[in-house]
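The whole structure should be built from the sequences, with the hints applied where relevant.
So for the sequence shown, the working numbering puts the first residue at 13; every next one is plus one.
No lab work stands behind these hints: they were computed from the structure.
You may find that some hints are simply not true.
[What the hints assert, rightly or not] Straight-line alpha carbon distances no greater than 30 Å define the calculated DSS-like cross-link-like pairs of lysine-lysine that follow: (1) Lys104 / Lys348; (2) Lys120 / Lys348; (3) Lys172 / Lys211; (4) Lys104 / Lys87; (5) Lys63 / Lys166; (6) Lys357 / Lys56; (7) Lys67 / Lys137; (8) Lys137 / Lys87; (9) Lys204 / Lys216; (10) Lys104 / Lys60; (11) Lys204 / Lys69; (12) Lys63 / Lys137; (13) Lys120 / Lys357.
[Stated by the list, open to error] Pair ranges (Cβ atoms, derived): (14) Asn231 / His158: 20 to 28 Å; (15) Ser148 / Ser85: 35 to 43 Å; (16) Lys156 / Thr179: 45 to 53 Å; (17) Arg36 / Ser136: 31 to 39 Å; (18) Phe47 / Leu316: 21 to 29 Å; (19) Arg264 / Lys328: 15 to 23 Å; (20) Glu147 / Ala192: 25 to 33 Å.
Note that the structure is predicted; figures quoted are calculated from it, not measured.
Note that the Cβ used here is the ideal one computed from N, Cα and C, for glycine as well.
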Amino acid sequence: DKVGLLGGASSVKFGKGYLTEPIRVLLNGRASTKFGNQVIPLEKLLTKWTKELLKKKLPINPNKDLAFQYNLSNKSSPGKTEENSSSKGTRKYWFEPRGLFDLQETKKLLSNDTSLGVGYAPYSKLEQLVLNIEESITSEKFRKAHPWMGTDVKVMAFRKEDRYYLTLCVPQIANFVSSAEAYQNNLQFAHKNVESICKRNGVKKYELHINTRDNFEINELYLTAIGSSIESGDEGLVGRGNRINGVISPMRLMSMEGACGKNPVYHIGKIYYVAANEISRKIYEKFRIPNEVGLSSQSGRDLLDPWITSISVPDKFKHTAQLEKFVEKELLNIPKYTDLIIKQKVRLY
Numbered sequence: 013d014k015v016g017l018l019g020g021a022s023s024v025k026f027g028k029g030y031l032t033e034p035i036r037v038l039l040n041g042r043a044s045t046k047f048g049n050q051v052i053p054l055e056k057l058l059t060k061w062t063k064e065l066l067k068k069k070l071p072i073n074p075n076k077d078l079a080f081q082y083n084l085s086n087k088s089s090p091g092k093t094e095e096n097s098s099s100k101g102t103r104k105y106w107f108e109p110r111g112l113f114d115l116q117e118t119k120k121l122l123s124n125d126t127s128l129g130v131g132y133a134p135y136s137k138l139e140q141l142v143l144n145i146e147e148s149i150t151s152e153k154f155r156k157a158h159p160w161m162g163t164d165v166k167v168m169a170f171r172k173e174d175r176y177y178l179t180l181c182v183p184q185i186a187n188f189v190s191s192a193e194a195y196q197n198n199l200q201f202a203h204k205n206v207e208s209i210c211k212r213n214g215v216k217k218y219e220l221h222i223n224t225r226d227n228f229e230i231n232e233l234y235l236t237a238i239g240s241s242i243e244s245g246d247e248g249l250v251g252r253g254n255r256i257n258g259v260i261s262p263m264r265l266m267s268m269e270g271a272c273g274k275n276p277v278y279h280i281g282k283i284y285y286v287a288a289n290e291i292s293r294k295i296y297e298k299f300r301i302p303n304e305v306g307l308s309s310q311s312g313r314d315l316l317d318p319w320i321t322s323i324s325v326p327d328k329f330k331h332t333a334q335l336e337k338f339v340e341k342e343l344l345n346i347p348k349y350t351d352l353i354i355k356q357k358v359r360l361y
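Okay, structure coming up:
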């Protein structure tokens with residue numbers, strides 16, 4: 013869960029763009045290298061999965077445009093000692109289990125860390141608008157119809173009363189943009205498309221800006237080789253991107269955990285984060301009240317018994333006892349989210 017992407021370099025001009033240096037993929041963190049006597053081909057698997065994902069997201073040749081650096085470890089977290097009595101424990105073999113008997117989670121689910129998972133529902137009108145804009149213009153269907161559209165779209169939005177303010181960064185892919193005029197036409201198309209999304213979301217008063225750094229006098233534009241700033245020295249780290257509900261809302265309850273990459277069985281930064289979001293959504297569906305959910309863990313504590321369960325609801329809500337029983341029941345369903353995560357039926361970014 014400590015993957016990093018370090019930007020490469022590119023050559024870009026109207027009608028042609030390509031990478032001149034590869035994107036560097038830093039595969040960091042702990043992982044299991046074997047189970048019993050069975051060796052896990054870790055580097056091979058991680059390389060394969062990374063290439064498949066980035067090829068889906070970016071128009072690259074993964075065999076040529078990616079360079080891998082492996083900083084992997086199978087060492088245990090603190091708690092393992094070299095005392096003779098510690099041989100009775102399983103911490104020493106956490107990432108190289110000798111068999112199922114070394115996997116505590118097969119006996120009882122315990123929190124791996126002291127941390128926090130949070131969630132809220134429903135989306136605000138502003139959040140829903142931001143999601144709809146980003147998901148619409150970066151969708152596979154949209155990009156297939158408009159191949160000049162890159163995926164590295166950013167949306168910043170602010171609401172004051174009933175007026176919405178939006179600023180977008182929309183990259184264009186040079187191979188499909190023949191001139192500055194074509195670039196401007198694409199910008200106008202993107203502008204109209206976002207306007208139509210605003211109207212569909214019931215937003216009537218808005219101020220919209222796209223690619224505010226463009227300078228047509230010297231052709232400094234958001235023109236790219238592969239549709240992302242990762243091609244030109246930018247970098248990205250797991251945990252600095254969107255929350256698992258798809259938006260970064262600093263005025264809302266939020267955790268700094270990066271859910272992607274973590275163990276889906278007992279890692280609080282993933283399983284509690286997913287559970288909090290799902291419980292919040294279910295509360296809204298059942299009781300029709302906006303709410304915030306926080307699940308706090310203690311390292312080694314029973315996973316189904318959070319140290320602190322915090323539910324924020326409107327003051328006027330009167331069915332507290334019914335809500336508490338509902339949440340207690342939902343906490344017992346936390347292990348079910350593991351299967352949903354593995355089957356990719358839960359959103360993580």
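To see whether the hints hold, each was checked on the structure:
1. Lys104 / Lys348: 28 Å, holds
2. Lys120 / Lys348: 14 Å, holds
3. Lys172 / Lys211: 17 Å, holds
4. Lys104 / Lys87: 8 Å, holds
5. Lys63 / Lys166: 23 Å, holds
6. Lys357 / Lys56: 25 Å, holds
7. Lys67 / Lys137: Violated - the C-alpha atoms of Lys137 and Lys67 are around 33 Å apart, more than 30 Å.
8. Lys137 / Lys87: 46 Å, violated
9. Lys204 / Lys216: Answer holds: Lys204 to Lys216 is near 14 Å, not above 30 Å.
10. Lys104 / Lys60: Holds, because 29 Å separates the two Cα atoms, which is no more than 30 Å.
11. Lys204 / Lys69: Satisfied, since the Cα-Cα distance of roughly 24 Å is no more than 30 Å.
12. Lys63 / Lys137: Violated, at about 36 Å.
13. Lys120 / Lys357: 24 Å, holds
14. Asn231 / His158: 20 to 28 Å: 21 Å, holds
15. Ser148 / Ser85: 35 to 43 Å: Since the Cβ atoms of Ser148 and Ser85 sit about 41 Å apart, the hinted range of 35 to 43 Å holds.
16. Lys156 / Thr179: 45 to 53 Å: Check failed, 26 Å falls outside 45 to 53 Å.
17. Arg36 / Ser136: 31 to 39 Å: 37 Å, holds
18. Phe47 / Leu316: 21 to 29 Å: Holds, at about 26 Å.
19. Arg264 / Lys328: 15 to 23 Å: 21 Å, holds
20. Glu147 / Ala192: 25 to 33 Å: 29 Å, holds
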